[in-house]
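Q: Line order of the protein sequences matches chains A and B.
Take any residue in the first sequence, note its place counting from 1, add 2, and you have its number in our numbering.
Take any residue in the second sequence, note its place counting from 1, add 195, and you have its number in our numbering.
Fair warning: there could be bad hints in the mix.
In silico DMTMM-like cross-links for lysine to aspartate or glutamate, where the CA-CA straight-line distance does not exceed 20 Å [to be verified]:
(1) 203/B <-> 145/A
(2) 84/A <-> 569/B
(3) 572/B <-> 80/A
Counterexamples of contact, computed for chain A against chain B with all Cβ distances above 10 Å [unchecked claim]:
(4) 17
(5) 20
(6) 107
(7) 142
Facing chain B, a subset of chain A residues (Cβ under 7 Å, in silico) [stated by the list, open to error]:
(8) 54
(9) 59
(10) 87
(11) 89
(12) 92
(13) 102
(14) 103
(15) 115
(16) 180
Read the hints as simulated data drawn from the structure, not as lab findings.
In this text the structure is predicted, and so the values were computed from the model without any measurement.
Beta carbons are placed, not taken as given, at the ideal position from N, Cα and C, and that holds for glycine.
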Amino acid sequence: MKNIIEINNVSKIYQNGDIVTKAVDNVSLQIKPGEFVGLVGPSGSGKTTMLAIIAALLSPTNGQVLLEGQEMAELSEDERVKIRREKIGFTFQSNNLVPYLNVQENIELMLRMNGGLNKQGRQRALDLIDRLGLTKQRRNMPEQLSGGQKQRVAIARSLIHNPSVVLADEPTASLDSERAYQVVEIFADLIHEEGKAGIMVTHDLRMCQFTDRIIEMKDGRIANQYNGRDEICNHIVCDRLPPQVFQFDEQSQGIPFEELSVHQMA
Amino acid sequence: MALFLAFKEIWRNRGRFILFSLVIALVTTLVLFVGSLAAGLSNANREYFDKLDGDLIVLQSDVDLSITASRLPLSLMRRIARLDAVQDAGPLGISNTKIENGDTPLLDVSLLGVEAGKPGSPDVISGRAIRLNRRYETVIDETVARRTGLGVDDTLIIKSTQGTDDELYELRIVGITESREFLYQPSVFVPLQIWDKVRPQATLNTSAVAEIANAAVVQLAPGFEPETAAALIDASLSDIETADIQTVVEAIPGYSVQQSTLGINKGFTFLIGVLVIGGFFQIQTLQKVPLIGVLKAIGTSTPAVSQSVILQILFITVFGVFLGTSATLGLGAALPEGVPAVFSLSAVWGEILIMLIIGPLGGLLAVRLASRVEPLKALGLS
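If we strip away everything but chain B, and leave its shape as in the complex, we get:
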């Protein structure tokens, strides 16, 4: 009965309900777009960290956990690795450079120095991982591979400023890894010793062996909790600070501010959604008060009346959210590459869920209103 009434009403007033579904669809699109952007921007900053085969990051102390400001002597890696709580530790060097391969335009990339076989060195999806620490070999991520058209066994040419001169370096591509963006740039991985030579720097580096990295990636020994392990590492060594990956990511300049700004945006859009859906169904129900009185007088139970309203809200919300999600995914497919937004259901399912919840939430007042209509209204007595 409730189902029958709910759907007959929607069907016979389909123009109005479709129009309202479109409003929900637009709110959904807005929320999902902001969500996709937040996910994309976040991802562009932290994708490398998200896929990292480590649990903790060791940084220089007194740098406010800023990975770009941190400097760690390489000798420290061995000492960290020998600690009980640590399974293994690898160095991580962070820089950026430009790819200049023939006629392809310059592509800005993150240049990451890692040690072969140590945490921080990425798994590959084709070719092999970095194996030799003294060779000019590189693993590139698939974004770099796609944008440059280069593959395994090709030569990658990077241009770095050394002192005041631009120097070109040739690196042999040995493997390709999944997308691992870092600080808004796709990544190129090289052995740390090579990294130290080819990264842009103020003076030409002549030393044969790299002595510093930016940070250490730590894999925990089995049975150790990240928090206790971090405390143990901090207690064992001086001038360092250990943090989990999330904390390091949040300390990336601008990251937290950007995410909270987008979060506030999303929050307000959700609020608008609640109010719009609430308002619509409130007015819709107010118009029907005399009819609801009659329906109750002729024997419709209050639960049936409420059910009917809830069913309508659910249906319209689900329909609107479906339209909005489709529109967002379509929009995502149409946007040019390089827009830092992740348009995938997995990135925005939380937002979709919230949109589906705020429909009924906004409609609660209407349900309450409908359930409180007195059947005596039908006789004009209340």
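Bound-form chain A, shown alone:
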């Protein structure tokens, strides 16, 4: 399968007087459609910088970033904004949602930004809302939602416009572990189902049991990689069912998300 993201020998170097900081140091990686990658490492290891480079928010000092074969360095700033709008979905740590838009409007915002909201778009929004168990809350304002609900809305927003890449920056940082599991679990499912290239930056290794690959960064370099569930679960504690097994089939569809999660936990 063709890589959606291809990063070749990318470095990001900051120079402040005589002090040279290599935030990212000669990193290469490829991500295929339907692949969910966990980017972990201590703070200062360069994982967020890496995410910003992949998101076209930051230009690397050296190296090549290809998104669906398109070299990012060749694009103008306006074109990069367009790429972010069309090809990338985002979930941030906080301040994700527009406080004066309700759940559905927040999700549909990406469609409005991409040239308008039509009937199919609205239907996809409703489907995603249903899928994420937010049907009851779809007219609620963000302030009326719990932390977990907010992050699920953000995940829906990151997928609604059918991007090829979905990125999440510490999406579970403000959640308790039970809610965090729920959020990452459904995130992983959607990435697999919809064939996105998914990257999640996290410092919580337990969350990586839903990923297909863990990339561990240290001092701007890739220190370790763990591929596949076996390798991952050798490295970290896996106390959840693997994401591959957790699939919405005909029967489970329609069961509210909350109930489904309880069932999964049992």
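Position chain B against the provided structure of chain A, taking the given hints into account.
A: Just chain B now, with coordinates in the frame of chain A:
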């Protein structure tokens, strides 16, 4: 998109935005009230001059252009009228008196002496203009007509002090003219020769023919510019000074000082408006910096973000100015007659325009702030 975000934000925070619109409305009311007052006070001084059918005023020299201090012999009128640059010239006599008609209370009016058919004599909206120079006939302005209840063919009684005695004079009203206030009083026009008899004076005037007026109203001949014509008149005759109407009005004692005081008032209120609107949107935007970072990170272009802020500022300003204007006009309608303020859109449209401009002007900083937010903020990197 920008429109959608801008209006959703206003709608979902409508309490806050309405409150702020009210602040703009109050600033607008204040500005417009001062503007109306300035227009009204100015008008009360100069309305007669504004509607004058002349281009220049000839005054006695060495009186600092003060029309009340100036004296011109009537013989000079003919000489002015014969000049090449002059189409026609008419005398203007200025005084004031009281109207005492039956049971109506005394009404102070300007008593203006003019010559029939000459510049300075007003057009009428009913009846006829002053036609005969030796008759006790008068044209009153509509304010006088309204306040006294008198009309064409009625008799107007004025009370003037002659020497030490109060004398009553009867004048037949032949016409009514548009409002022509002069020196804060509505006007009554009489032929100059009658004016010379009935105006208050220190001694009883017994001479049959008036010999002096205060000034001459000059209509220019076609093809002459006011400035060159004024120079020509000044060069042709001695002991006179010619000025355009604006200059004469500004020389009315107190006029310029009053207008500049009100102007300073207005200026500062505008400044307050800029600062208040600027401050509000600055704080509003500062609060939203993290959100703007996220919006930019997910692909909102900087122009769209700026547009959204500008749209909000425009909307809130227009709404506030509309409220304030309505309030001012309502207030104007509720004020008693006699308050020298002109509450009309035509008198304050300049102020309204400035209020509409200072909104976006005050908001410029906020727009700049919003456009400078880095999308990297969303990742906590900048």
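Q: Would you mind marking each hint as holding or not holding in the structure?
A: Consistency of the hints with the structure:
no.	hint	verdict
1	203/B <-> 145/A	holds (16 Å)
2	84/A <-> 569/B	holds (16 Å)
3	572/B <-> 80/A	holds (18 Å)
4	17	holds (17 Å)
5	20	holds (23 Å)
6	107	violated (7 Å)
7	142	holds (12 Å)
8	54	holds (5 Å)
9	59	holds (5 Å)
10	87	holds (3 Å)
11	89	violated (9 Å)
12	92	holds (5 Å)
13	102	holds (4 Å)
14	103	holds (6 Å)
15	115	holds (6 Å)
16	180	violated (25 Å)
The earlier numbered hints that this structure contradicts are 6, 11 and 16.
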